[in-house]
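A.B. asks: With the hints as extra help, turn the sequences into a complete structure.
Protein chains in written order, with the numbering used here: chain V, 930 to 1058; chain A, 794 to 901; chain Y, 2 to 191; chain W, 25 to 396.
Quick caveat, the hints were computed from the structure, so don't treat them as lab data.
Remember, it's a predicted structure, so these values are computed and weren't measured experimentally.
Please note that a few of the clues may not be correct.
Some but not every residue of chain Y turned toward chain A, in silico, with C-beta under 8 Å [as the list claims (entries may be wrong)]:
no., residue
1, 20
2, 21
3, 24
4, 29
5, 47
6, 55
7, 59
8, 62
9, 63
10, 66
11, 94
12, 101
13, 174
Every residue, glycine too, gets a C-beta built ideally from N, C-alpha and C.
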Amino acid sequence: MAEASGMPLGGVIFLTVFLAIFGTFLIFLARAIGGRRTNNSAAKRDIYECGIPGQDKRETKVSVKFYLTAILFILFDIEIIFMYPWAITFRDFISSGQGTFVFASMMIFLAIFIFGLFWEIKSKALEWD
Amino acid sequence: MPSSSFLTDISLNHYLILSSVLFVIGMAGVLLRRNVIVILMSLELMLNAVNISFIAFSKFTQNVDGQIMVFFVMTIAAAEAAVGLALAVAIFKRFKEVNIKFFEHLRG
Amino acid sequence: MTPDVFLFWFLALLIVGSGLAVLLFTNPVYSALSLAMTMVGVAAIFITLNAYFIAGVQLIVYAGAVMVLFVMVIMLFDIKSEVQAFTSGKISGAMKLIAVGLLSGLIVGGIIMGQKSFVGELSKDAAAQVAEANSAKMKRAAGADAATKELGVALFTKHIFGFEALGVLLTAIAVGTVALARSRGGTHAK
Amino acid sequence: MGHDSFEITINCIKLVLIFLMMVQAVPILVWVERRGSAFIQNRFGPNRVGPLGLLQLLADAVKFLTKEDFAPDRAIRPLFYAAPVFALIPATLAFAAIPMSVPLEIGEYVFKIQGYDMNVGIVFILGVSSLAAYTILMAGWGSASKFSLLGALRASAQVISYELALGLSIVGVILLFGTFNLTEMVIAQQGPLTFRAFGHTISSQFLPNWGIFYQPLAAVIFFAATFAESNRLPFDLAEGEAEIVAGFHTEYGGFKMLMFFIGEYGHMMLGSALMIIFFFGGYGIPGVTVADVRQWAAGITDSATQISVITTLVHFLSFMLKFVLFLWIFIWVRWTLPRFRYDQLMDLGWKTMLPWALGNTILTALVIYLIS
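C.D. replies: Here is the structure:
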C-alpha cells in the first residue's frame, strides 16, 4: 500500500526539489562567474526603455480584457474537466446498457456549454480590438 | 497525545487535524485581514481544508461520494472566486479601494 | 519511517506553512503565490489519499486557473501591499484572535478526544476495509484508472442532477461576470 | 519510490537523467534551429566554431555564463530571481511522466523508461503544465517594467486560452482509448489499423493502428494549441520587437534568459512527445508489435536480460525518431508561417478552435455510441 501511493509522488517531489536546488545553484553560479559591473550609471540600472526615462508599471494602462479572459477560462475549463470522467466511462456505460442515458445527459450539458460560448461570442466579450 | 505511534501511524485523525488547522488559518485570514482579495483567498483556503477532510473520509470509508462532493465544491469555489473577484474589481475600478472597511459605505 | 509517513508530514508542513504565509504576508502578490503553493500541496495530499483524478482537477482548476486569476487581478490592478494589512482595534482584533483560538482548540481537541468514539472506530474499521479493498485492487491492477472510472460511474448515475445543475450554474456565472465586468468604469483599468 | 534502496537510487538517477537529457537537448535544438532557419532562408548560419558550427553550443554556454548578472533597481528581487528557477519545473515534471519505451526487465527488477507512472497521466500532465502561467506572471511582475508586465499578461492570456482548446481536443482521445494512462494508450495503438463497426471488422495491412486515423481533427487542434502553449511562432505574441520588446523576459539576460529558454524548449518537447503518444503510436513501430521485436531479439541472444535491453533500445530509438521529426516540424513552422495579430490569435483560440474541438467531441461520442 505504501508503494502504491508513495511511488509516483515521491518521484515528483524529488524532481521538484532537485530542480529548485539545481536552478538556484545555476543562478548563484552565474552570479559568481559572471562579469562585474563596470558602468554603474543610473541609466544602466533603470528598466528598459528606448531613450526616454523608464516608465514604471504603475503608470501602465492595461485592458480589462485580460482579466475577463481569465474568468471565462476558469468557467469553461471546469466544464471541460467535467467531460473527462464522462469520456473515460462512456464505453463502460454503453456496454452496461446505460449508454443512451449518459449520452443524452452529456448532450444536455454540452448544449448549455455551447449556449454559454455563443452568448459570450455574441455579446462581444471575446472581441479584441 | 504525541507518542511515537502518533508520528508514524498516519490515520484518518491526522488528515482531519491537518484539515482543521488549515480551516482555522483560513478563518483567521477572513477575520483579521482587510484586503477584500486576501479575504477571498482565505475563503478558498477554508474550502480546501474542507476538501481534505472529504477526501480523507472518502478513502477511509471506501466511498467515492466524497470525491464527487469535492469535485462539486471545487466547481462552486471557482464560480464563487470568479463572481467575488468581478465584484471586487468593479468596486476597485470605481472607487480605487480594496479595504473591507470601505465597503461599509456602499449601502443604499 | 515509511515513505508514506514521511510524505504526509512533509506535505502537512508545506501546507500549514504556506497557509500561514497567505495570512501573514502583507503584500497580496506574495499571499496569492503562497496560496498557489498551498493548492499544490493539497493536490499532493490528495494523491497520498489515492484520489488521483481529484488531485489532477485540483491542479488544473485551483492552481492552474483560479489562482492565476487572483494573481492576474492583483497584477492588473496593481493592488499594493497595505500599510495596515490587519484589522485595526486592539480589542476587536484580540477578540477575533481569541475566537479563532477557541474554535481551533475546540476542533483539534474534539478530534483528539473523539479518537475512541466515532472517528476512532471509523478509522479502525476502515483499516480492515482498506486492507480488503487493497487486496481486491491488487487483483485488477491492470486497470490503472479503476478508481477514476468508479468516480465517473457515480457521477453520471447517482449525482447526475448535480452535474447538470452545475452546468447551468457555470453558464449563468459566465454571463453574469461578463455583465458585471463591463457594467461601468469604461474598458480600461485606470 | 521502489522496493529497496537499489531501486530507489536507480529511479532517482533516472529522473535526473531525464532532466539532463532535456537540458542537453536545448543547445542542440538551438543549433538545429539556427542552421535550419539559415537553410530555409538561404543563409549560412553558425559555421565557424568547430565542424558545422557544432561547437557554437559550447561557446554560447560559456558566453551565457560569463555575462554580468543584472537586475534593474526597481525590480522586485525575490520574484525576479525565482521566476527563471520556476521556469524549469512545470515542463520537466510533465515530461518525466511520458513513457519513452517498453519497461526494462533486469532480473527481478522492472524499470519503466519514464520518470514516474502517474496512473492519471494526461490529467497530471495538464495540471502540471498549467502551472507555467505563474512563471510568466512572476517574471512580468518582478521586472517592474511595463513591457514585461504587458508581455506577461499577453502571454498568460494566450496560454490559458489555448489550454481550453487543448483540453477539449484531448476529450476525443480519451473517448477513443477509454483511459488516462499514457502507456495503455500506446499499447492500444499497436498492430494494424482496425475499424470495428456494426459487427464488421475492416482491417488494413499497411496502416498502423494510430490515433491520427481516428482523430485527425483533434490532432490538428492539439498540435496547433501546443504551439501556442510553448509561446512559439506563429503564436509568439508575448514578444514583438516593435511593441513590447521581448515580452516578459525583457529585463532578463545571461543565464536567467537561458533558463527561460530551457522552459520554452521543454514545452516544445512535451508537445511533441504528447503528439506522438496520442496520435502516432508512442514508442510503437509501424507493422511490428512489441512481441515481434522480442522474438526477433530472442533470435540474436539467449539471455533474458539482453533480450529486454534490445527490445527497450529498439523502441526507444523508434520514439526518438518520431520525437526528432516533430521537433523539426516545430522549427520548420516557425520559419515558414507569418505571425498572427493578437486579436486574430484570440479569435482563433476562442471562436474557431474551441467550437471545432467541441464538434469533434460530439462527433466522436456520437460515432462511438452508434457503432457499438
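A.B. asks: State for each hint whether it applies.
C.D. replies: Against the structure, the hints come out as follows:
no., hint, verdict
1, 20, "4 Å, holds"
2, 21, "6 Å, holds"
3, 24, "5 Å, holds"
4, 29, "6 Å, holds"
5, 47, "6 Å, holds"
6, 55, "5 Å, holds"
7, 59, "7 Å, holds"
8, 62, "5 Å, holds"
9, 63, "7 Å, holds"
10, 66, "7 Å, holds"
11, 94, "7 Å, holds"
12, 101, "5 Å, holds"
13, 174, "5 Å, holds"
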